[in-house]
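Q: The listed protein sequences correspond, in order, to chains Y and X.
For the first sequence, this note's numbering begins at 1 and goes up steadily by one.
For the second sequence, this note's numbering begins at 1 and goes up steadily by one.
Don't read these hints as lab results, they were simulated from the structure.
Careful, some of the hints might be misleading.
Unchecked claim - Derived lysine to aspartate or glutamate pairs resembling DMTMM-like cross-links, with alpha carbons at most 20 Å apart:
| id | chain 1 | residue 1 | chain 2 | residue 2 |
| --- | --- | --- | --- | --- |
| 1 | Y | K102 | X | E69 |
| 2 | Y | K39 | X | D258 |
| 3 | Y | K39 | X | E255 |
| 4 | Y | K39 | X | E227 |
| 5 | Y | K39 | X | D245 |
| 6 | Y | K39 | X | D251 |
Note that the structure is predicted; figures quoted are calculated from it, not measured.
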Amino acid sequence: MDRSGLARAAAGTTSGAGFAQDADDRFEIVVQLLHDVRKERRTIHVTAPGDPPAMPSVAEVWPTADFMEREAFDLFGIRFDGHPNLTRILMPDDWEGHPLRKDYGVGKVPVEFVPQPFLQIDAPGQAPEKVEAGRDVDRLGQSGPGERVWPEEDREQA
Amino acid sequence: MNTQTIAEIEAVGKGAYVESADENRMVLNMGPVHPATHGVLRLLVELDGETVVHCKPIIGYLHTGMEKECEDQNWRSAVTIVTRMDYLAPLFNEQAYSLAVESLLGVEVPRRGQFIRTLMAEMNRLSSHLVWFGTQGLDMGAISVVFYGFREREIIIDFYEMVTGLRMNHGYIIPGGVWQDLPDGWEPVCRNIVATMRSRIDEYEELLSLNPIFLERTTGVGVLSPEDAEAAGATGPIARASGIDWDIRRDMPYEIYDELEFDVPVADAGDVYARYKVRMQEMRESCGILEQVIDQMPSGDYKSMDPKLTPPSRSELNRSMEAVIHHFKLVTQGYTVPAGEIYTAVESPRGELGVMAISDGGTSPYRLHVRDPSFVNLQALPAMATGGLVADLIASIASIDPVMGGVDR
Chain Y
1 MDRSGLARAA AGTTSGAGFA QDADDRFEIV VQLLHDVRKE RRTIHVTAPG DPPAMPSVAE
61 VWPTADFMER EAFDLFGIRF DGHPNLTRIL MPDDWEGHPL RKDYGVGKVP VEFVPQPFLQ
121 IDAPGQAPEK VEAGRDVDRL GQSGPGERVW PEEDREQA
Chain X
1 MNTQTIAEIE AVGKGAYVES ADENRMVLNM GPVHPATHGV LRLLVELDGE TVVHCKPIIG
61 YLHTGMEKEC EDQNWRSAVT IVTRMDYLAP LFNEQAYSLA VESLLGVEVP RRGQFIRTLM
121 AEMNRLSSHL VWFGTQGLDM GAISVVFYGF REREIIIDFY EMVTGLRMNH GYIIPGGVWQ
181 DLPDGWEPVC RNIVATMRSR IDEYEELLSL NPIFLERTTG VGVLSPEDAE AAGATGPIAR
241 ASGIDWDIRR DMPYEIYDEL EFDVPVADAG DVYARYKVRM QEMRESCGIL EQVIDQMPSG
301 DYKSMDPKLT PPSRSELNRS MEAVIHHFKL VTQGYTVPAG EIYTAVESPR GELGVMAISD
361 GGTSPYRLHV RDPSFVNLQA LPAMATGGLV ADLIASIASI DPVMGGVDR
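All chains should be built: construct the whole structure from the sequences, respecting the hints.
A: Structure, rendered in structure tokens:
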């Protein structure tokens, strides 16, 4: 195969995709190759098994994959064996978690029309608890219906 | 005595170090906030005297998680996110994204829509190259050209405002076509822009092309061999200035580019001056394309009239219950896109801008990856800078023309 042409994986988009959770084929790497003489594109799909997911690096064959693999490592946590410098590229070095995974929340707060102090988000990246409106009276620190009684003095006045 | 090199500094994750490994070595931290780094690009540079031994780009300072955010939008509203990636060429982001969604949907854009898209895209190529022209000159000490560049860019941006309502981040090209037809009186404005640009480009070339200081600063500087360009995956003017004759518009045409006549300028030197020449010639070619598009602009629909994709018109809402239902569904939920994945690419002013879209059959993208040309082209910077002077590194950065919004996304 004419590698010099394909080496313009230039076009190469190494893109990670997170699929169904906790399956062994949860992560898939997609490599786009471009042959600039034949004017063709080819797509390679590789699943990254294991936890943490790992697969061999292609940065030695196509150096352009260097940044792209670092990006996939950063955002999906996929280890590329044999990569020269597999470090975070977009997120800070001390960041915890891999933001593009499906179990990583976007940090939005559900909009409700009653104040709900228990819906605070402690840290970015933490998926908010799903709360159905009006079902969490106990968590607001009040007792449920039927248990609450008037205080003595109020009753006397009544 | 501190004997740290880039690798060691990286290992402990520290910032700027100005201690030497031996007598003449110095590790210098350039950026992330520096006018010559075009945004928030940070470079760790290892110097021997004034010669660059190693150069390492560090990015991510503008990362805002746009790809993740797209997964939270419906297919129509994700346009407003992708347009903010490469903010100097927003229409190309929209175009690449829309082409991807249309391929998944199997929708064909009406001819007028395709012409309007091409018109806007080539205008955008001009305005983006004008910013490059200004900043390249500015970084080389030719302060006047930045005023020339931005003056002409303003005319084009006024045209965007006239058509899309916004100067930047238009959200104008949408899956199915463009969201609004061209306004009355667009043609004289376009012809005026093309005529102005044609004469102004000659003026620019008079300013810089034979300017001895500019020549001294750019010829033989930041040389990128074709092999290095290929290894780094460089595309666009950078690859073409290194002798790689590749332009997606000509070689894998999309929209109406196979009907248009234009040349793809190529240079062999691979230095900053060659990239300058290629971009200047590209602007002339864009003017030629614009003239053809204006002459041949057809009439008809400007967006797909598929009721499952485009909301009904106001008048139809008044008389058809079915139209009301369609409108309600499109506004509250959005359209669904058949499950599948697609990679489409367009030739942006910086190179190949690709969008990889994966759909699970729902109303929002399951995964959207953007291959931004600036992100990949930055990998060519170490090859350009190594062995040169620090001042030449500045010339190389300017000639790559990175847009950090696209690099970090």
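Q: Against this structure, judge whether each hint is valid.
A: We went through each hint and held it up to the structure:
| no. | hint | in the structure |
| --- | --- | --- |
| 1 | Y:K102 - X:E69 | 12 Å, holds |
| 2 | Y:K39 - X:D258 | 15 Å, holds |
| 3 | Y:K39 - X:E255 | 17 Å, holds |
| 4 | Y:K39 - X:E227 | 19 Å, holds |
| 5 | Y:K39 - X:D245 | 12 Å, holds |
| 6 | Y:K39 - X:D251 | 7 Å, holds |
Consistency with the previously given hints is maintained throughout, with no hint failing.
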